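Between the sequences and the hints, there should be enough to build the whole structure, so can you do that?
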Amino acid sequence: MGELRLMKGNEAVAEAAIRAGCDGYFGYPITPQSEIMEYLMAMKPYETTGMVVLQAESETASVNMLYGGAGTGKMVMTSSSSPGISLMQEGISYMAGAELPALLVNVTRGGPGLGTIQPSQADYFQAVKGGGHGDYKMIVLAPASVQEMADFAKLGFELAFKYRTPVMILSDGAIGQMMEKVELFDPIARRTDAELIAQCPWAATGKPKNRDHIIITSLDLDPAGQERVNLKLQAKYRQIEKDEVRYEMISCEDAEYVFVAFGLSARICQKSIDIARAKGIKVGLFRPITLYPFPVKQIAELAKKVKGMLVVEMNAGQMIEDVRLAAGCSLKIEHYGRFGGIIPAPDEVVRAMENQIIGG
Amino acid sequence: MEEQFAKLDIRKNENIVYKRTDLLVDRPLSYCPGCGHGTVHRMLMETLEEMGLQDKTIGVSPVGCSVLAYDFMNIDMLGAAHGRAPALATAIKRMWPDRFVFTYQGDGDLAAIGTAETIHACNRGEHFTMIFINNGIYGMTGGQMAPTTLPNMRTSTSPYGRDTNIMGFPLKMTELVAQLPGTYYVTRQAVHTPSAVRKTKKAIRKAFENQKNKTGISFIEVVSNCNSGWKMTPVQSNKWMEENMFPFYPLGDIKIDGVLVTPKAETVKV
Ligand SMILES: Cc1ncc(C[n+]2csc(CCOP(=O)(O)OP(=O)(O)O)c2C)c(N)n1
Ligand code: SF4
Ligand SMILES: [Mg+2]
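Protein chains in written order, with the working numbering: chain Y, 1 to 360; chain A, 1 to 270.
Hint data in this document are derived by calculation from the structure and do not stem from the laboratory.
Keep in mind that the hints are not guaranteed to be accurate.
In silico SDA-like pairs for lysine to any residue, Cα to Cα no more than 20 Å straight-line [said to hold, decoys possible]:
(1) Y:LYS137 with Y:LEU54
(2) A:LYS202 with A:ASP257
(3) A:LYS56 with Y:THR192
(4) Y:LYS209 with A:ASN74
(5) A:LYS56 with Y:ARG191
(6) A:LYS56 with Y:ALA198
(7) A:LYS214 with Y:LEU54
(8) A:LYS56 with A:ASN123
(9) Y:LYS154 with Y:PRO83
(10) Y:LYS209 with Y:ARG191
(11) Y:LYS209 with A:ASP98
(12) Y:LYS209 with A:ARG27
(13) A:LYS19 with A:ARG198
Fair warning: this is a prediction, and the values are worked out from it, not measured in the lab.
Right under this line is the structure:
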């Protein structure tokens with residue numbers, strides 16, 4: 001069993017990054033995720049593992065530092081919250097285009113604009129549909145616990161390097177701030193430069209005599225060449241959609257109705273299941289863990305077995321579009337959402353199920 | 001046949017006095033004939049070859065006419081988003097401290113959209129080299145006004161001349177970064193004459209020598225022509241540059257070994 005600690009989600013993801021062998025963190029303070037950089041600065045990993053931690057002048061700079069580090073094969077990460085992630089869209093698009101691995105943690109807050117510092121899930125579209133320009137996707141992991149904040153840091157780096165693509169942990173202010181028991185995995189040593197060069201032959205590390213020079217870019221001025229770049233990206237996305245879907249089903253075996261929810265909303269729905277079942281309503285929960293790739297087939301399967309689905313989100317209705325696309329039109333699927341930083345209560349969610357789906 | 005042999009004969013080693021460095025890829029440059037970019041590429045690559053740094057250098061190219069610098073420079077390179085080269089270089093140098101890292105940027109890239117990245121990389125005293133090609137115009141996008149465009153200078157977005165009342169003043173980025181404690185060597189050079197080219201090459205050498213000692217930023221501005229954007233012949237453009245650019249952007253060292261060596265730049269007269 002790994003080391004047990006009581007930690008905030010923000011601290012857990014930072015500690016896990018050090019343990020995963022991360023080479024560099026670049027970030028800019030913003031609530032509700034500033035503890036990530038604060039924790040890293042306090043831990044001084046540059047004295048232990050050699051990991052670089054740098055406070056940049058902006059999120060624009062942070063994400064471009066990420067691009068620079070990733071282009072040389074290093075294991076790099078940044079973190080921010082909604083307004084800062086908006087500034088990072090440039091770099092995300094460039095990294096997707098140049099096929100670079102990187103981990104971004106988004107501890108979301110309510111918007112639009114400066115919005116609020118309270119938790120929200122209103123950045124689902126931005127994360128899963130490609131918030132920057134061009135036809136790209138990034139893998140999006142949605143943690144529902146402090147444990148998953150830690151686990152997904154490691155998983156995120158693995159997926160980023162496996163597919164050479166940016167990966168986002170789409171968390172929220174509550175998961176980032178709340179404290180829970182977490183079991184930490186054992187530290188993995190940072191790769192040496194020689195190991196990196198052997199494992200990442202595509203990385204710009206300095207040209208030896210016996211290989212061609214390496215160019216990291218997303219530019220191809222020739223339309224045919226740029227189409228080839230796009231086709232290659234799309235083929236990679238199809239592979240990811242085939243192999244990397246992750247989800248969880250709770251109490252779905254005998255369920256007549258299901259909640260579909262991710263992250264914090266899924267945690268709330270777990271409590272709602274208890275309340276509903278005590279009333280004799282057979283409900284379950286389907287929780288997408290990867291928001292991209294989205295569990296399309298699994299939702300389609302489930303849709304054949306149940307009488308209705310309530311998509312619970314802390315936004316005005318975003319993931320519901322993907323649920324409806326997956327499930328088709330024959331089933332009753334409605335959305336229940338609170339936004340602006342309001343967290344729905346479990347009994348309120350049960351009432352929504354009764355009013356909008358069962359009785360509606 | 002005989003003619004070919006005669007040619008080869010002339011190419012005998014003892015006859016060669018000047019040739020392309022192996023650090024430049026053998027392909028035509030994408031620059032307009034007469035443009036200063038190609039000359040700076042050559043000086044940079046010759047320096048790296050002479051210092052034996054090909055396998056230890058990672059370069060960052062900008063968005064601008066030199067966006068394709070990575071196609072010509074035979075070293076590992078990353079192409080940055082517009083203005084962000086200093087951010088990339090910061091991370092690269094911090095995670096590969098024994099590599100030699102440089103950015104190569106135009107005036108729009110370095111002094112407009114990338115102003116924040118430039119100033120903060122300089123202010124943190126990152127240990128890399130910045131090469132700044134100031135041609136007073138946005139060459140790549142077709143000759144629009146740049147932050148460094150001179151007062152009254154005509155560009156496609158200042159077709160009646162840069163009116164400083166409306167369009168603001170040209171930015172002396174080099175004097176500005178020289179004020180920051182994180183810069184160690186700051187100089188302004190040119191490549192319009194053989195002697196200017198030699199001085200630029202010496203400056204580049206000094207900048208890379210500084211990297212060995214982790215001294216902070218070495219910042220080399222090269223005042224250069226954009227004959228196409230300025231709508232002149234290469235010869236006219238060099239003359240115009242001497243008469244108009246150099247008085248406003250005087251050549252020479254501004255900071256050596258961390259010490260300012262010239263009085264503060266003169267203010268703009270309008
Ligand atoms: C975000 C963004 N904005 C605008 C552009 C368009 N653009 C490309 S190059 C350039 C200006 C380049 O001028 P400069 O840096 O002076 O380089 P030069 O071509 O003169 O060498 C602009 C505005 C872009 N590529 N990306
Ligand atoms: S447009 Fe100007 S800067 Fe660009 S290559 Fe031509 S002369 Fe050089
Ligand atoms: Mg220019």
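Results of checking the hints against the structure:
A threshold of 20 Å between alpha carbons decides the hint, and for LYS137 of chain Y with LEU54 of chain Y the separation of about 27 Å lies outside it, so the pair is violated. Of the pairs offered as hints, the one joining LYS202 of chain A and ASP257 of chain A holds, with about 15 Å between alpha carbons and a cut-off of 20 Å not exceeded. Taking the CA atoms of LYS56 of chain A and THR192 of chain Y, the gap is near 16 Å; set against the 20 Å cutoff, the hint holds. A C-alpha spacing of about 10 Å is found between LYS209 of chain Y and ASN74 of chain A, which places the hinted pair at or below 20 Å, so the restraint holds.
Proximity of LYS56 of chain A to ARG191 of chain Y is assessed by CA-CA distance (about 19 Å); at most 20 Å being required, the pair is judged to hold. Of the supplied pair hints, the one linking LYS56 of chain A and ALA198 of chain Y holds, its CA atoms being roughly 16 Å apart against a limit of 20 Å. The suggested pairing of LYS214 of chain A with LEU54 of chain Y holds, with an alpha-carbon distance near 18 Å, which does not exceed 20 Å. In summary, the hint linking LYS56 of chain A to ASN123 of chain A is not supported, as the alpha carbons are separated by about 25 Å, beyond the 20 Å threshold.
Distance check on the hinted pair: LYS154 of chain Y and PRO83 of chain Y sit about 25 Å apart at the alpha-carbon level, beyond 20 Å; violated. Restraint check for LYS209 of chain Y and ARG191 of chain Y: not satisfied, since their Cα atoms lie roughly 23 Å apart, outside the 20 Å limit. Restraint check for LYS209 of chain Y and ASP98 of chain A: satisfied, since their Cα atoms lie roughly 18 Å apart, inside the 20 Å limit. For a cut-off of 20 Å, the pair hint linking LYS209 of chain Y to ARG27 of chain A stands: about 19 Å separates their Cα positions.
The suggested pairing of LYS19 of chain A with ARG198 of chain A holds, with an alpha-carbon distance near 16 Å, which does not exceed 20 Å.
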